[in-house]
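Undergrad: Residue numbers (the numbering used here), protein chains in the order written: chain D, 1 to 283; chain C, 1 to 343; chain U, 1 to 281.
Just so you know, these hints were derived from the structure itself, not from any lab. Think of the CB as a built atom: it goes at the ideal place given N, C-alpha and C, for glycine as much as any other residue. Treat the hints loosely; a few may be bogus.
Stated by the list, open to error - Which residues of chain U face chain D? A partial, calculated answer using Cβ under 7 angstroms:
#1 20
#2 22
#3 24
#4 46
#5 67
#6 86
#7 89
#8 97
#9 99
#10 147
#11 212
#12 245
Claimed, not checked - Computed far set for chain D versus chain U, every beta-carbon distance over 12 angstroms:
#13 41
#14 45
#15 46
#16 50
#17 123
#18 141
#19 153
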Amino acid sequence: MAGRSTSQHKIRLLLLIPFLLWLFAFLLLPAIMMVISSFQNEGGQGFTLGQYVKGLTHPLYTTAIKNSVILSLVSALVGITVAVIGAYSFTTFSAKMRDRMLNISNIMTNFAGVPLAFGFMILFGINGMLTLLFKKLGLSFLVFDLYSWTGLAWVYIYFQIPVAILLIYPSLYAIKQEWKESAALLGANTWQFWQRIGVPVLLPAIAGTFSVLFANAMGAYATAYALVTQNFNLLPIQIGGMVAGDVFPRVELGSALAIILFLILAIALFINEKMLRLARKGQ
Amino acid sequence: MSFVHIRNVSKSFQDNKVLNQVSLSIEKGEFVTLLGPSGCGKSTLLRSVAGLNDIDEGSISVGGMDITHLPPKKRNVGMVFQSYALFPNMNVYDNIAFGLKMDGLSKLDIRSIVDDMISLIDLKGKEDRYPNQLSGGQQQRVALARSLVKKPTVLLLDEPLSALDAKIRRSLRNEIRLIQQRLKMTTIFVTHDQEEALTISDRIFVMNQGEIEQVGSPNDIYTAPASEYVARFIGNYNVWSRQQLQGLPVRGVPEQGDVFAVRPEAIRMETGYGDEIEGGIVADGKVTMVSILGNILRFEVDVSGLPVTVDMLSGQSIEHLGSGTPVRLVIPRDEWKSIRKSS
Amino acid sequence: MHTAEKKKPAGRVWHLFVVIVILTFLLLPLLVTFLFSISTVWENTIMPLGLTFDAYTNLFSDERFLFALGRSFLVAVITVALSLIIMVPTIFIVSLYIPRLEKWLQTVVLLPFAIPGVVAAVGLIKLYSSPPFAISGTIWILIGVYFIIILPYVYQSTRNSLRSVNAEELMEAAEVLGAGKSRAFIRVILPNIMPGIIVASLLSFSIIFGEFVLANMLVGGSYEVVQVYLFHMLGTDGHLSSATIVTFFALIFILFALVLKFGNRKPQAKLPSDDGKEEPA
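This is chain D alone, in the form it adopts within the complex (with noise of 0.2 angstroms):
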């Protein structure tokens, strides 16, 4: 018996060499090379905390870093409102309505990276669609500038809400209608059902989602480059012009502010993890 267990336990560990080839190739080996290049100095040599030092303490890039941050911070804050009181919306229509409004958020997920900054362009940009159309109403108090940090937040906090949607519409869904019948019957008002039975359920997906949007945006490239080409002083643009960029490339300084971002995006998933179990202890 053991004869035969032992060899297709052998044939089953053979299976799995090409993906731990290739997770290896791909992976782990280029992650390694990162972290190696962050501690050499530029030209690839020696051993230094110098990139670290640099990235963490020059103007250029603590303003990109906290940049990045803030706009993560603000597009996370306002995605997950409005998806909230979008996907509750959501749920009260019937199954088919409900169905269809969330294939239709789910779809726009893809509309993210060049074509999003596209589209924006020619809505808000200064001949966009709706420039021009507020201009002519006298509501130029809404006019924005695509190519300010508005403009940019704004296209953040777009492609944030359904993927906000996407992640929180379980939960919502969850809330059930009997929950709700019988906190009536027992004398709590909807404020006090949301405050008291609400809230408290849907917190720990409310957190979760909230670092995964964090990580979204921190680590969006795509449509801060198209939208205007390495304008923004973001943390994800600095790094892709150190190591791709037309001037000189700078892997060194590239990989340090590359292990920077994700230690960042390490660390928010941490403070999430605490804060749900928190938040689970509380209940």
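We have chain D; now place chains C and U onto it with these hints.
TA: For chains C and U alone, kept in the frame of chain D given last:
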């Protein structure tokens, strides 16, 4: 010599010993049941016979051939699973024919064998249906046919009825038994349902924590449980220890034994305080609850704190014995079983 | 939910309003892109001056676009095929026979979600832009990294299908009936998890077609795929750009419709009721 021989089989999952030196033998054509609660090792034992899990020690032979080290496909056993495990991508015909195809039989041979089997299980006209177009009972009949079609040496049934509702369960149970008797198929049936085990089997092996607790015919097991464990598992037996009875108004308790079992239907309940019967055990108590179980009335009687269950056929002018009625319980001496204490 | 709604028409109006605002906002950029693609001139007016399908005729007679489309398609086909050939058996083996590796596998396949494209690109460029593995700028590096990117989708779909058809028991049933492990896998498991595999492929296709960051940073113009073509067109020709986007989105719509069609197929095998299953096997 018996047909199926299981010798000293042990099996552990991690540190959990699921089978502990289990030995049993089964005659050709016999229908035996492995009965026990979940976790007692009955399914593991069955799967060991099928070769679906390795065993750590011991040996298994069928028809004189040692199959301990054979992979499942070479054992030629039939197995029916609780969830049917029909192949969803194949229709009834192809499901039944699958095993024959694996053996490389010709299309013509397969057709005649499968057709016979389909009429045996009474699913003629449903050959082209897919599993999801069949009821649970029909699916399980297909699963049965699929496992019988290769004329297996042993048929293994792993809780085949427990996913079905009560009515279908009963009729399919009878059908399985009839087919088994017609084909004289040696069968091992696994269940946690004692009623099922008692009605269908030639012999029952009651299992407890990886060991066999008692072996016997359904009648033996029901009327003479060997241990506290079996008595509690098999029915609504009243099980008392000598300690519990101390100081209670119970008279005539025999000198021997520590634990006693009494079937609820063996107890006679009287309201008039007549003569005490020779050789009987007598207790005085009060009815606390009456419930109707079809043609049986079940009384819960309190004997100074000791709960006693008494079953009586209804219609014996006992319906007036409502809650609170003082009664006298009489238990014939030979119904007062002294049994082994279980840990 | 309906009873509550009937009592509060104000609530209903509010929900309708919310839904309309959100869906309009989400659809608007795509709709104007479409409008732009069929406009003659639309520069400083609110509405286009005229309508024409010229952009599409031009686009589909533009060799550069057709090549880019072909390249995207080729990358997607090769990547998805390799991924299925390697990952389906891997996921099957791990989830049925080496369950202690399952947690590890789950974590690994989710890694692409935690690593932004721009971060992934750094290490890949470092490793693959100089000998001995100078594959930067070729289709191979894209296949290599897209394989990793689609892992979560391939894993999730395959794993869910295996679970919903109760693969473990189907394997056991097939084996008891005389099939060896590989024959049981091919004859019984594969046909039953096919809808899940198709969904995985379609999702992967849509992801590969929409990917820009890695395509631009790792190969850019030397192996121009659709998204990179679009990026290059953005500054030069708005009509071709918009027509490309609409074409891309039409493809996404088709893939999405197919995903819904295959994803909604109910698993055919009924799951066992909860009792009776005792020991882990």
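Undergrad: Tell me if the interface restraint on residue 99/U is satisfied: Cβ within less than 7 angstroms of some Cβ in chain D.
TA: violated (12 angstroms)
Undergrad: Does residue 89/U pass the interface check with chain D, least Cβ-Cβ distance below 7 angstroms?
TA: For residue 89/U, the interface hint holds, since the closest Cβ of chain D sits about 6 angstroms away, which is under 7 angstroms.
Undergrad: Over 12 angstroms from every CB of chain U: does residue 46/D meet that, or does the non-interface label fail?
TA: holds (16 angstroms)
Undergrad: Return the status of the interface hint for residue 22/U: holds when the least beta-carbon distance to chain D is below 7 angstroms, violated otherwise.
TA: It holds, given that the least Cβ distance between residue 22/U and chain D is near 4 angstroms, below 7 angstroms.
Undergrad: Take the shortest C-beta to C-beta distance between residue 245/U and chain D; is it under 7 angstroms?
TA: holds (4 angstroms)
Undergrad: Would the stated hint for residue 147/U survive a check requiring a Cβ distance to chain D of less than 7 angstroms?
TA: holds (6 angstroms)
Undergrad: Confirm or reject: residue 45/D is not an interface residue toward chain U, with every Cβ-Cβ distance exceeding 12 angstroms.
TA: Since the minimum Cβ distance to chain U is about 14 angstroms, residue 45/D lies beyond 12 angstroms and the statement holds.
Undergrad: For residue 141/D, is the shortest beta carbon distance to chain U beyond 12 angstroms?
TA: holds (18 angstroms)
Undergrad: Return the status of the interface hint for residue 24/U: holds when the least beta-carbon distance to chain D is below 7 angstroms, violated otherwise.
TA: violated (10 angstroms)
Undergrad: How about residue 212/U: closest beta carbon in chain D under 7 angstroms, or not?
TA: holds (5 angstroms)
Undergrad: Just want to verify: residue 41/D was marked as not at the interface with chain U; is every Cβ pair farther apart than 12 angstroms?
TA: holds (15 angstroms)
Undergrad: May I ask you to test the interface hint for residue 97/U with respect to chain D, counting a Cβ-Cβ separation under 7 angstroms as satisfied?
TA: holds (6 angstroms)
Violation of the numbered hints given earlier is confined to hints 1, 3, 5, 9 and 17; the remaining hints are satisfied by the structure.
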